[in-house]
Structures are given as structure tokens and as C-alpha cells.
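**Student:** Start from the sequences, fold in the hints, and give me the full structure.
Chains as they are written, first to last, in the UniProt record's numbering: chain A, 1 to 295; chain B, 1 to 295; chain C, 1 to 295; chain D, 1 to 295.
Treat each hint with caution, since some may be false.
All copies of an identical chain are treated as equivalent in the list; a pair is satisfied when it fits inside any one copy or across any two copies.
Dumping the calculated DSS-like pairs for lysine-lysine here, alpha-carbon to alpha-carbon at most 30 Å [stated by the list, open to error]: (1) Lys82 x Lys229; (2) Lys188 x Lys208; (3) Lys128 x Lys113; (4) Lys208 x Lys117; (5) Lys229 x Lys156; (6) Lys204 x Lys82; (7) Lys211 x Lys138; (8) Lys240 x Lys81; (9) Lys264 x Lys113; (10) Lys82 x Lys234; (11) Lys264 x Lys128; (12) Lys81 x Lys229; (13) Lys264 x Lys240; (14) Lys204 x Lys81; (15) Lys117 x Lys82; (16) Lys264 x Lys81; (17) Lys211 x Lys283; (18) Lys211 x Lys156.
Since the hints were made in silico from the structure, they are not lab data. Predicted model, so just to flag it, every value in this text is computed and none were measured.
4 protein chains.
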Amino acid sequence: MELNGVPIDNTFAEGFPIWVSRVIITGVTREWAMTAATEATGFATSAIGCPCEAGIEGFVSADETPDGRPGVSILICASKKKVPEQVMERIAECVLTAATTSVFNGMPDAEEKFDIKIHFFGDKFESKVEVGGRQCWKIPIMEGDYIGEEVFGMVKGVAGGNFFVMADNQMTALMGAKAAADAILDVKGTITSFAGGIVASGSKVGAKNYKFPIPATTNEQYCPTIREKVPDTKVPEGVKSIYELVINGVDEAAVKKAMAAGIKAAVKVPGVSFISAGNYEGKLGPFQFKLAELF
Amino acid sequence: MELNGVPIDNTFAEGFPIWVSRVIITGVTREWAMTAATEATGFATSAIGCPCEAGIEGFVSADETPDGRPGVSILICASKKKVPEQVMERIAECVLTAATTSVFNGMPDAEEKFDIKIHFFGDKFESKVEVGGRQCWKIPIMEGDYIGEEVFGMVKGVAGGNFFVMADNQMTALMGAKAAADAILDVKGTITSFAGGIVASGSKVGAKNYKFPIPATTNEQYCPTIREKVPDTKVPEGVKSIYELVINGVDEAAVKKAMAAGIKAAVKVPGVSFISAGNYEGKLGPFQFKLAELF
Amino acid sequence: MELNGVPIDNTFAEGFPIWVSRVIITGVTREWAMTAATEATGFATSAIGCPCEAGIEGFVSADETPDGRPGVSILICASKKKVPEQVMERIAECVLTAATTSVFNGMPDAEEKFDIKIHFFGDKFESKVEVGGRQCWKIPIMEGDYIGEEVFGMVKGVAGGNFFVMADNQMTALMGAKAAADAILDVKGTITSFAGGIVASGSKVGAKNYKFPIPATTNEQYCPTIREKVPDTKVPEGVKSIYELVINGVDEAAVKKAMAAGIKAAVKVPGVSFISAGNYEGKLGPFQFKLAELF
Amino acid sequence: MELNGVPIDNTFAEGFPIWVSRVIITGVTREWAMTAATEATGFATSAIGCPCEAGIEGFVSADETPDGRPGVSILICASKKKVPEQVMERIAECVLTAATTSVFNGMPDAEEKFDIKIHFFGDKFESKVEVGGRQCWKIPIMEGDYIGEEVFGMVKGVAGGNFFVMADNQMTALMGAKAAADAILDVKGTITSFAGGIVASGSKVGAKNYKFPIPATTNEQYCPTIREKVPDTKVPEGVKSIYELVINGVDEAAVKKAMAAGIKAAVKVPGVSFISAGNYEGKLGPFQFKLAELF
Numbered sequence: 001m002e003l004n005g006v007p008i009d010n011t012f013a014e015g016f017p018i019w020v021s022r023v024i025i026t027g028v029t030r031e032w033a034m035t036a037a038t039e040a041t042g043f044a045t046s047a048i049g050c051p052c053e054a055g056i057e058g059f060v061s062a063d064e065t066p067d068g069r070p071g072v073s074i075l076i077c078a079s080k081k082k083v084p085e086q087v088m089e090r091i092a093e094c095v096l097t098a099a100t101t102s103v104f105n106g107m108p109d110a111e112e113k114f115d116i117k118i119h120f121f122g123d124k125f126e127s128k129v130e131v132g133g134r135q136c137w138k139i140p141i142m143e144g145d146y147i148g149e150e151v152f153g154m155v156k157g158v159a160g161g162n163f164f165v166m167a168d169n170q171m172t173a174l175m176g177a178k179a180a181a182d183a184i185l186d187v188k189g190t191i192t193s194f195a196g197g198i199v200a201s202g203s204k205v206g207a208k209n210y211k212f213p214i215p216a217t218t219n220e221q222y223c224p225t226i227r228e229k230v231p232d233t234k235v236p237e238g239v240k241s242i243y244e245l246v247i248n249g250v251d252e253a254a255v256k257k258a259m260a261a262g263i264k265a266a267v268k269v270p271g272v273s274f275i276s277a278g279n280y281e282g283k284l285g286p287f288q289f290k291l292a293e294l295f
Numbered sequence: 001m002e003l004n005g006v007p008i009d010n011t012f013a014e015g016f017p018i019w020v021s022r023v024i025i026t027g028v029t030r031e032w033a034m035t036a037a038t039e040a041t042g043f044a045t046s047a048i049g050c051p052c053e054a055g056i057e058g059f060v061s062a063d064e065t066p067d068g069r070p071g072v073s074i075l076i077c078a079s080k081k082k083v084p085e086q087v088m089e090r091i092a093e094c095v096l097t098a099a100t101t102s103v104f105n106g107m108p109d110a111e112e113k114f115d116i117k118i119h120f121f122g123d124k125f126e127s128k129v130e131v132g133g134r135q136c137w138k139i140p141i142m143e144g145d146y147i148g149e150e151v152f153g154m155v156k157g158v159a160g161g162n163f164f165v166m167a168d169n170q171m172t173a174l175m176g177a178k179a180a181a182d183a184i185l186d187v188k189g190t191i192t193s194f195a196g197g198i199v200a201s202g203s204k205v206g207a208k209n210y211k212f213p214i215p216a217t218t219n220e221q222y223c224p225t226i227r228e229k230v231p232d233t234k235v236p237e238g239v240k241s242i243y244e245l246v247i248n249g250v251d252e253a254a255v256k257k258a259m260a261a262g263i264k265a266a267v268k269v270p271g272v273s274f275i276s277a278g279n280y281e282g283k284l285g286p287f288q289f290k291l292a293e294l295f
Numbered sequence: 001m002e003l004n005g006v007p008i009d010n011t012f013a014e015g016f017p018i019w020v021s022r023v024i025i026t027g028v029t030r031e032w033a034m035t036a037a038t039e040a041t042g043f044a045t046s047a048i049g050c051p052c053e054a055g056i057e058g059f060v061s062a063d064e065t066p067d068g069r070p071g072v073s074i075l076i077c078a079s080k081k082k083v084p085e086q087v088m089e090r091i092a093e094c095v096l097t098a099a100t101t102s103v104f105n106g107m108p109d110a111e112e113k114f115d116i117k118i119h120f121f122g123d124k125f126e127s128k129v130e131v132g133g134r135q136c137w138k139i140p141i142m143e144g145d146y147i148g149e150e151v152f153g154m155v156k157g158v159a160g161g162n163f164f165v166m167a168d169n170q171m172t173a174l175m176g177a178k179a180a181a182d183a184i185l186d187v188k189g190t191i192t193s194f195a196g197g198i199v200a201s202g203s204k205v206g207a208k209n210y211k212f213p214i215p216a217t218t219n220e221q222y223c224p225t226i227r228e229k230v231p232d233t234k235v236p237e238g239v240k241s242i243y244e245l246v247i248n249g250v251d252e253a254a255v256k257k258a259m260a261a262g263i264k265a266a267v268k269v270p271g272v273s274f275i276s277a278g279n280y281e282g283k284l285g286p287f288q289f290k291l292a293e294l295f
Numbered sequence: 001m002e003l004n005g006v007p008i009d010n011t012f013a014e015g016f017p018i019w020v021s022r023v024i025i026t027g028v029t030r031e032w033a034m035t036a037a038t039e040a041t042g043f044a045t046s047a048i049g050c051p052c053e054a055g056i057e058g059f060v061s062a063d064e065t066p067d068g069r070p071g072v073s074i075l076i077c078a079s080k081k082k083v084p085e086q087v088m089e090r091i092a093e094c095v096l097t098a099a100t101t102s103v104f105n106g107m108p109d110a111e112e113k114f115d116i117k118i119h120f121f122g123d124k125f126e127s128k129v130e131v132g133g134r135q136c137w138k139i140p141i142m143e144g145d146y147i148g149e150e151v152f153g154m155v156k157g158v159a160g161g162n163f164f165v166m167a168d169n170q171m172t173a174l175m176g177a178k179a180a181a182d183a184i185l186d187v188k189g190t191i192t193s194f195a196g197g198i199v200a201s202g203s204k205v206g207a208k209n210y211k212f213p214i215p216a217t218t219n220e221q222y223c224p225t226i227r228e229k230v231p232d233t234k235v236p237e238g239v240k241s242i243y244e245l246v247i248n249g250v251d252e253a254a255v256k257k258a259m260a261a262g263i264k265a266a267v268k269v270p271g272v273s274f275i276s277a278g279n280y281e282g283k284l285g286p287f288q289f290k291l292a293e294l295f
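**Tutor:** The structure is reproduced here in C-alpha cells:
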């Protein structure tokens with residue numbers, strides 16, 4: 001199929017289960033909420049080398065936050081065991097310490113819940129307080145009082161939704177990917193965890209040519225500069241640059257919506273020449289997102 | 001002493017040794033370099049709960065980078081053993097994967113050097129290349145070729161330079177701290193690792209009231225909302241909000257310069273009423289930065 | 001009445017009729033659309049000295065723009081005669097010249113329409129083209145082809161919706177006003193035309209003390225630093241700083257919604273102590289927005 | 001000649017005299033200074049349809065501003081008669097009304113001076129005050145007191161320094177131009193007045209094909225999409241997109257430096273294929289900036 005004149009590969013993205021928790025960070029202004037959210041979701045691109053995968057889901061207007069202040073929603077994704085630990089650490093180190101912030105459970109209806117004991121930081125000076133119907137702790141700190149929830153929900157979501165943006169030159173592929181990342185930022189329930197929402201270097205599990213153990217190496221099949229040296233290359237003729245959008249979401253529907261919005265945005269960028277997606281031939285992940293069925 | 005009419009406490013900030021490495025990240029534009037730098041220095045506020053302390057030192061103009069592209073300099077601070085590991089992980093996960101980036105050793109003259117083997121990611125498709133007199137590796141990736149140095153310097157620097165900005169209301173203290181953080185961003189050789197460069201919640205080692213082991217709890221002596229309940233409070237009368245600027249630097253001179261610049265900026269903000277600093281009475285850290293001697 | 005514990009003055013804002021046109025600017029990314037929109041709405045704070053009043057209404061998602069690209073909506077407000085001239089000039093100088101932009105009529109259903117002859121810029125190299133059901137002109141330019149509509153709608157809207165944010169110190173009043181401006185940015189059909197959405201210096205018509213003609217001078221009744229010298233001061237006791245939010249909108253309902261959203265946001269900022277509004281005792285403007293009836 | 005492998009046309013940019021004034025805007029933080037500066041330099045791309053040409057010269061650190069606060073420097077360019085009027089209007093409407101700002105003369109040593117009577121806005125509540133050795137007026141306003149200088153210098157500078165960035169696709173040309181604009185932002189004494197610092201649509205004086213009077217039409221010689229229809233086209237074969245950087249500066253040296261910095265940045269962007277410049281064969285402007293002599 002084609003979209004805006006750009007061929008869409010007849011393939012699918014292969015996704016995996018991952019546990020996802022949503023934290024709503026509010027602040028005195030949107031900017032201060034975003035400052036904390038950015039720090040809290042840093043160093044969280046890929047579970048291969050980072051403690052988790054995390055990203056900014058979007059702004060939450062003051063009407064929709066428990067304390068009526070402007071907010072930013074973040075998703076933190078990892079194994080079931082690691083999510084509580086990472087939510088704890090990232091709130092404790094990056095949000096409690098940030099100016100004017102509060103945190104709230106962004107998944108109050110999730111069946112799976114966990115508790116982070118941040119109030120111990122109060123050293124018994126803390127107290128319980130209700131905010132917008134939520135049970136919170138009020139902890140005296142230097143700026144005044146920190147207020148936040150401690151019970152959070154998590155759901156079994158999807159990691160690894162993805163697509164590739166290709167072009168015959170790097171700047172076009174980059175702008176296509178950037179337009180896609182912007183569009184995905186508007187889709188609720190999803191994040192792109194890499195810097196700027198874009199992946200410049202895809203990887204394969206292990207190595208083909210190095211014999212010692214190594215968790216991941218470059219996915220040479222998608223490397224345009226060595227296209228001639230890789231017999232089973234998947235780089236289409238003429239393509240000189242590829243960026244990948246990797247999407248985590250709270251469920252399959254959200255990931256599909258994000259993939260569709262991202263691809264629609266990318267094909268609007270003049271010069272984007274091909275859209276494809278990455279999979280393991282269906283052998284590894286239970287979710288298959290066929291590109292042709294997204295639209 | 002007073003500065004712009006604001007009393008400066010007759011005290012000192014107490015600093016500690018820490019190992020510091022500088023990584024120069026370049027990109028096709030300043031914005032793309034900053035995108036990678038922001039991700040790479042996230043989740044790195046405090047060594048208590050984060051893998052390292054890291055932050056953005058500043059922009060590096062194209063004239064000063066090895067590849068002649070616009071750059072952002074970051075500092076990564078940790079123990080001597082942990083610095084190489086963290087430089088490796090943060091480059092591998094957050095910069096190699098980011099769009100259009102290269103990395104260069106920001107401390108070529110440091111005696112202490114270490115080597116990160118990122119080129120193994122190339123799975124033997126990589127090759128050596130010289131850029132601006134630097135030995136780099138060129139690794140084929142999806143966007144094209146990633147190019148970066150792998151030998152980095154590190155120096156024994158200073159952690160914990162600090163000062164407090166106080167006011168009789170929270171917004172004034174916040175704006176004073178923000179003005180200080182902006183000013184410190186201009187001082188070479190230093191970073192402020194917390195979100196927005198500001199700390200809202202200072203901590204003490206361990207707990208006073210909880211009996212189980214806990215690494216850090218709120219520093220109640222500097223908590224304005226419980227001033228009346230804390231006999232040895234250090235909150236001056238009338239102060240309702242305090243923010244701390246915590247500064248790491250490559251040496252004592254840089255930290256002093258950053259403290260001076262930050263304090264000068266803070267006292268310009270109308271309503272800022274007192275500047276102090278945190279220490280352990282000189283018992284823990286070898287560096288003492290007396291506020292009165294900064295100017 | 002009180003809102004979040006902050007007294008809301010028993011008064012009203014007085015508004016005036018103004019003609020309003022909406023221009024949708026799209027770009028290859030949201031950022032490039034915003035770059036053009038910012039230039040196009042600059043030097044447009046107040047009709048007293050600027051050619052018009054203009055501001056950014058908000059983002060428009062790709063789903064809602066005629067060309068399926070990300071957009072920014074701006075409102076341009078002036079007299080019925082001046083609106084077409086200003087829409088023409090600001091598109092011709094600031095948007096046609098900006099990178100990757102298109103413009104579309106943001107009020108296709110308005111009865112009042114006008115035509116701007118930008119296609120003459122094409123010097124007969126231009127041609128007609130339809131985009132998303134809109135009749136556009138395609139003009140060859142250096143970057144490629146500029147595409148845009150030339151017929152725009154305008155409606156009789158409202159200028160001068162307003163409220164005051166007061167506090168006993170400047171930084172608190174400023175942050176209260178900033179939070180309000182952020183909230184108003186989310187309300188469709190409205191803009192705040194001043195820098196950052198905030199007015200620091202209110203004015204009265206003419207002068208009291210200077211005898212020569214002068215269009216506007218400081219509104220001394222609302223100046224905290226001369227409160228003691230102005231017998232009919234309207235500065236409440238203890239108030240040391242006031243910022244005004246001035247809102248233009250497409251109709252009364254939009255202005256009311258923006259006032260309500262802004263005030264609700266402002267009273268959430270700790271230390272904001274009073275909310276009022278400006279009027280001419282109902283003598284000049286046909287619209288009266290009573291604060292108490294907004295909520 | 002070539003630069004980084006990109007051919008640099010053997011031609012020159014033709015510049016014109018223009019009067020230039022520099023205004024230093026300071027604020028409580030850098031961000032608030034920038035907010036005012038952005039509004040004050042809006043709707044000021046080209047003297048053809050805007051009241052002046054204006055832009056942001058750069059940040060001024062607190063050490064270098066008269067009031068010791070962070071600043072942003074702007075340049076306002078027009079005829080000798082219009083500069084004072086535009087400096088007056090843009091300060092009065094966009095800076096005096098903006099939060100926390102002060103303004104200072106950025107050309108204290110210029111021989112040519114002018115006086116703007118903003119203090120009349122004070123309606124005789126104003127008073128004189130000295131700040132950092134500068135004679136200022138203090139005017140009571142709603143936020144507190146506005147403080148600013150009223151005597152400004154202006155110099156006979158240069159308008160129309162320029163170069164073209166070309167590529168075989170639009171996104172590459174755009175990123176090349178963006179990298180150039182970023183680089184020019186670092187060169188003191190210069191501005192790029194168009195949105196984002198980039199011109200997408202160059203113009204020629206008058207029209208060739210329309211017979212009625214029209215001040216400017218598209219410069220068809222530099223339009224890639226009609227290359228085949230324009231016998232005297234100057235679009236090199238294969239070029240599909242061109243952006244222009246137009247630079248105004250305080251003197252010839254500054255413009256040269258900006259052109260050199262911009263071109264060096266542009267040729268670093270992969271895919272940029274040609275750099276040229278615009279002139280009127282030396283018939284109109286007294287300044288000629290030969291590209292080959294810039295480096």
C-alpha cells in the first residue's frame with residue numbers, strides 16, 4: 001500500500017509484554033512539571049542498558065489533575081518486579097527533589113497496585129492528607145511541603161511497537177522521524193523512550209562476528225552505509241538513512257494508534273521514501289502490528 | 001556581609017572529592033546535541049539513589065569541537081570505578097542511539113584515562129577514523145555512520161558545593177534559585193545535577209526518628225513548615241521557603257566561581273532575604289567554601 | 001467570593017468589540033509552524049501603539065488541518081478595515097518567508113470574508129491548487145512551492161477581557177500570572193497578546209498630570225509603589241505587585257472560559273492574595289464579565 | 001573554492017547601509033528577558049512590509065549588563081528617521097509592558113544618539129534614578145517600578161549580508177540553513193531578522209509579468225520548481241531547494257564574520273551541495289562581501 005505516495009512495507013512490528021505504570025507530576029506551572037518529568041524519564045531509553053524504559057506521555061491539563069495544577073504524565077516500563085523499584089527511585093531522586101512538584105497515581109483503576117514508601121523520607125515529620133480524593137502524604141522539605149500519593153497502579157502493556165522512516169538522505173529521514181515523534185506525543189497511553197523520540201541505531205541480539213558475549217550489536221541488515229557488504233540487507237535500493245520509532249504503550253490499541261499517527265506524519269515530510277517495521281518473523285513477541293491494518 | 005542588601009550567612013559549604021569526566025556531544029544542530037545530552041544526563045541527580053551525578057556544563061561552539069559541529073558538554077560524576085561504567089552506559093544507551101550525534105573526550109589532557117569499547121557494537125563492521133586530530137571509531141548504524149572517541153579523561157573534582165536561597169514565600173525563593181541556576185550554567189567546569197538545577201528537598205544522612213536503616217531523610221533543620229517543632233532549626237525567622245543549589249565541578253576554583261555567580265544572581269531577585277550554605281561542621285568533607293570569601 | 005481561599009473581587013471586566021480573524025499556519029513540524037507563528041504575532045500587544053493585537057491561540061493537530069501537517073492557530077484582532085491589511089502583511093512578511101509553512105483560513109464558516117492577493121507575489125508563475133478541499137495558490141519560491149489560502153473569515157469578537165493577579169511580592173504575582181497565561185493557552189478561541197501573555201504595566205487613556213496630548217499613561221490607581229500618594233488608589237492594603245491578563249476572543253463565551261481558567265490557575269499559586277478586574281464603570285464597553293459569575 | 005567538500009560560488013553578497021540601534025533588555029531571569037525580546041523583535045523581517053528589521057543579537061550575561069541581571073540584546077534596523085520611532089514603539093508596547101524588564105542603551109559610545117520619552121508614561125509619578133552608571137527613569141507600574149534608559153545610540157551599519165544554502169532536497173537545505181542560523185546567533189553585532197533566522201522566499205524588486213505596481217515578487221531565478229521555465233535561472237542543476245540567510249550587522253566586519261560562521265556551519269550538514277550569495281551585480285549596494293574572501 002501507499003500513503004501520501006510513499007510505499008508502506010507489507011510487514012509488521014513485533015511487540016512484547018512489559019509492565020507499565022503512569023505517574024502524574026504536577027507543578028506550579030507546566031514548565032516546572034516538565035522540568036521534573038524530563039529528569040525522571042532520563043537515562044531510560046532501552047531496557048538493555050538502562051534501569052527501565054520511560055518517557056513523557058503528554059501534558060495533563062489542570063482540570064484533569066487531582067490537585068488542579070498543570071501536569072505532565074510519564075510512563076515507566078519494566079518487568080513487574082522492577083516497575084515499583086524504578087517508580088520509587090525516579091520519584092524519590094528526580095521529583096521529590098524538584099521544585100513545586102506533586103505526584104499522583106495515573107492508573108487509579110488498575111488491578112495491580114504497588115506501594116512506594118516515600119513518606120519515610122519525612123522522618124516522622126510527615127502526615128497524611130487528602131488531595132482531590134486521593135490519599136497523599138505531606139512531607140516537610142526545604143521549599144515547604146511535598147505532597148504525593150504512594151500507591152500506584154500498573155498494567156501489562158506492550159513494548160516494541162515500531163516503524164522505520166527511510167529516505168535517500170539523512171536530513172529527510174530525520175525530519176520524517178521528528179514529525180512522527182511529535183505526532184506520537186499526542187497519542188494518549190504511549191511513549192517513545194529514546195532521545196527526541198527517535199532511534200538512530202537499531203540493534204540485534206548478540207553478535208554475529210564477535211565471539212565473546214555481548215548483549216547487542218548493530219543491526220547490519222538496516223545499515224545503509226554497508227548495504228553492499230551485507231548479503232541479506234534489508235535496506236531498499238537508494239535508501240541512505242533510516243530512523244526507527246520505538247513505541248511502548250498501555251495496550252495494543254494505544255500502540256496501534258501511535259504507529260498510525262506517526263506514520264501518517266512521517267509520509268507528509270517531502271522526500272520520505274519508504275516505511276517499514278521491525279520484527280523477528282513472529283518468533284519472539286506475541287504482538288504483531290501489521291502496517292497495512294493500521295489505517 | 002551583605003550583597004545587594006541581602007545578608008550572606010557567615011558560614012561555608014562543605015565539599016567532597018568526586019571523579020569527573022567530560023563528554024562533548026556534537027550534533028547536526030545545537031538542538032539535536034542538546035536532545036541527546038538531556039537524555040544522557042537524566043536520572044542523575046544524586047549519588048544516593050542514581051547511578052551517578054550528571055549535568056549539562058554548557059554549549060560548545062562549533063569552533064571548539066573536534067568535528068566543527070555545534071556541541072553540548074556534559075559532566076559525569078561518580079566514584080573512580082563507576083565513572084567509566086557510567087560514561088559507557090550513558091553514551092551507549094542515550095547518545096549512540098540519538099540522532100546525528102558524535103562524542104569526544106572533553107578532558108584530553110587529564111592524566112587519568114579510561115577506555116570504553118563502544119566499537120564492539122559495530123560487530124566488526126566498524127573502522128578507525130581520525131576526526132580533528134582525535135582517534136575515533138566509525139560504526140555503521142541505521143542513520144548512517146556513528147563516529148566517536150572511546151578514550152576519555154577524568155579528574156578528581158569536587159562534589160557538594162552548595163548554597164541556600166531563602167525568602168518569606170516560595171515563589172520568590174524559587175525564582176531566586178532559578179536565576180542562580182541560570183547563572184551557574186555559564187560557569188565552565190561546573191554542573192548542577194538536579195532538575196532545573198535546583199534542589200527542593202535537602203536531606204540528612206540516615207534518620208533520627210525511624211529506627212530501621214534508611215539512607216537519607218529530610219533535613220528537618222532546614223524545613224520551614226516545621227520550624228516551630230524543631231528545637232535546633234536553622235530556618236531564620238520569617239523564612240518560609242528554601243531552595244538549595246548543589247554544584248559539582250572539575251576543581252575548587254570552578255566551584256567557587258559557580259557559587260559566586262549563583263549567589264550574585266539570586267540576590268538580584270526581589271524578595272530573596274537570606275543566603276546560607278550547608279556543611280557538616282567540617283567533619284566530613286575536605287573542601288570548605290566560605291561564602292564571605294567568594295566575592 | 002473566594003476561590004482556593006483567595007478573595008475574588010466583586011467587580012467585572014469591561015470588554016469591547018473587535019474584529020478577529022484566525023489563520024492556521026502549518027509546517028513540516030510543529031516547531032517550524034510555531035517559529036512562523038511567533039514572528040507573525042510579534043509587535044502586536046496593544047492597538048494603542050501596534051498595528052494590531054495578535055497572539056497564538058494554540059496548536060492544531062495534524063488531523064485537524066487541511067493539509068494534514070501540524071499547525072499553530074493565531075488570532076489577529078483590529079478594526080474591520082485593518083484586519084485584512086494586517087492578515088495580509090503578517091502572512092506576506094512573516095509566514096510566506098518562513099520555512100515550510102502553509103496558511104489556511106481558520107474561520108471558513110464566518111459570514112464576513114476578505115481576500116488577500118498574496119499570489120501576485122508569484123509574478124504569474126503561480127497556479128491554483130486544491131488542498132484538503134480548500135482553494136489555494138501555489139507560488140514558486142526558493143525553498144520549493146509555497147501553498148496557501150487567500151480568502152479568510154473574520155468575526156466580531158471581544159477585546160479587553162481581563163483580570164488582575166495580586167500578591168504581597170512581585171515573584172508570586174508573576175508566577176500567578178504565568179500559571180494563568182498557561183491555562184488560557186488551552187482555551188480555544190482566545191489569545192493573550194502581550195509578551196508571555198502577561199501585562200506588567202496597565203494604562204489609562206490620556207494623562208492626568210501632563211497637559212500635552214498623550215494616548216496613554218500609567219494607571220496610577222493600580223500602582224503599588226505609589227499607593228500612599230494616590231488618594232483613589234485601588235491597590236488593596238498589603239499588595240505590592242499586580243499583573244494583568246488581557247484576553248481577546250472570538251466571542252463572549254470564549255473570553256469567559258479563558259477568564260475562568262486563568263483565575264482558577266492563578267489562585268493555585270501559593271501567595272496569590274487577591275483577584276480583581278478592570279473596567280470603566282460600564283461607561284465604555286458593551287461587554288461586562290462579572291468575576292463572580294464565571295465559576 | 002570548496003569548504004568541507006561543498007563548492008562555494010565565486011560571487012559576492014551585496015549589502016546596503018542601514019541605521020542600527022542596540023537595546024539591552026534585562027529581566028529577573030534570562031527567560032523573561034527573552035520573552036520580551038521575542039515580542040519586541042516580531043513582525044520585523046523585512047523593511048519592505050514591516051516597520052523595521054529587528055532580531056535577537058544574543059544573550060548578555062549578568063556581568064555585562066548595567067543592572068547585573070541577565071539580558072538579551074536586540075538590534076533594531078531602519079532608516080535614520082525611523083530607528084528612533086521604532087525603538088520607542090517596540091520598547092513602549094513590548095518591553096515596558098512585559099514582566100520584570102529593564103532596558104539599557106546597547107551603544108553607549110555611538111556618536112549618533114536619540115532620546116525616547118517613555119517617562120511621560122509615568123504621568124509625573126516618575127523619577128530619575130541611576131543604575132550601573134546609567135541615567136534611568138523609574139516609572140511606577142502595576143508590577144512595581146519599571147526602570148530604563150531613554151537615550152540610545154545608533155550607528156550606520158549594513159543590511160543585506162546574505163548567502164544561499166542549496167541541496168537536492170528541501171529538508172537538507174532547511175537543516176543546513178538552520179545550522180547556519182544557530183551559528184550566526186553566536187556572532188556579536190549581527191542579526192538575522194526572518195523567522196528562525198531563515199528566508200524561504202527570496203524576492204526581486206517589482207514584477208516582470210504583472211503590469212501594475214507591486215513592491216516585490218518572487219525571485220524566479222532562484223526558484224527550483226520552475227527552473228525549466230526560467231531561461232536565466234540561477235538554480236544549479238540538481239538543486240531542488242534553496243534557503244537564504246539575510247544578515248544585518250553593526251559594521252562590515254561583523255557581517256563578514258557572521259557570513260563565514262554561517263557558511264561553515266551549513267557545509268557541515270550532510271547533503272548541502274552548494275553555497276552562493278545574492279547581489280545586484282554591484283549596481284545597488286555599496287558593500288560587496290566576496291564569499292571566497294571570508295575564510
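**Student:** The structure should be examined with respect to each hint, and the outcome stated for every one.
**Tutor:** Evaluation of the provided hints:
1. Lys82 x Lys229: neither (40 Å within a copy, 38 Å between copies)
2. Lys188 x Lys208: Neither, since 38 Å and 43 Å both go past 30 Å.
3. Lys128 x Lys113: Result: close within a single copy only, 19 Å intra versus 50 Å inter.
4. Lys208 x Lys117: between (45 Å within a copy, 17 Å between copies)
5. Lys229 x Lys156: Neither. Shortest intra-copy (40 Å) and inter-copy (45 Å) distances fail the 30 Å Cα cut-off.
6. Lys204 x Lys82: both (23 Å within a copy, 27 Å between copies)
7. Lys211 x Lys138: Result: close only across copies, 20 Å inter versus 54 Å intra.
8. Lys240 x Lys81: For lysine 240 and lysine 81, neither the intra-copy (41 Å) nor the inter-copy (40 Å) Cα distance is at most 30 Å.
9. Lys264 x Lys113: Classified as neither; 36 Å inside a copy, 32 Å across copies.
10. Lys82 x Lys234: Intra 35 Å, inter 38 Å, cutoff 30 Å: neither.
11. Lys264 x Lys128: Classified as between: cross-chain Cα gap 25 Å, same-chain 47 Å, threshold 30 Å.
12. Lys81 x Lys229: Answer is neither; intra-copy 42 Å and inter-copy 39 Å both fail.
13. Lys264 x Lys240: both (21 Å within a copy, 24 Å between copies)
14. Lys204 x Lys81: both (25 Å within a copy, 29 Å between copies)
15. Lys117 x Lys82: Answer is both: 15 Å inside a copy and 28 Å across each meet the 30 Å cutoff.
16. Lys264 x Lys81: neither (36 Å within a copy, 40 Å between copies)
17. Lys211 x Lys283: Classified as within: same-chain Cα gap 24 Å, cross-chain 51 Å, threshold 30 Å.
18. Lys211 x Lys156: neither (35 Å within a copy, 36 Å between copies)
When held up to the earlier numbered hints, the structure conflicts with 1, 2, 5, 8, 9, 10, 12, 16, 18 and fits the remainder.
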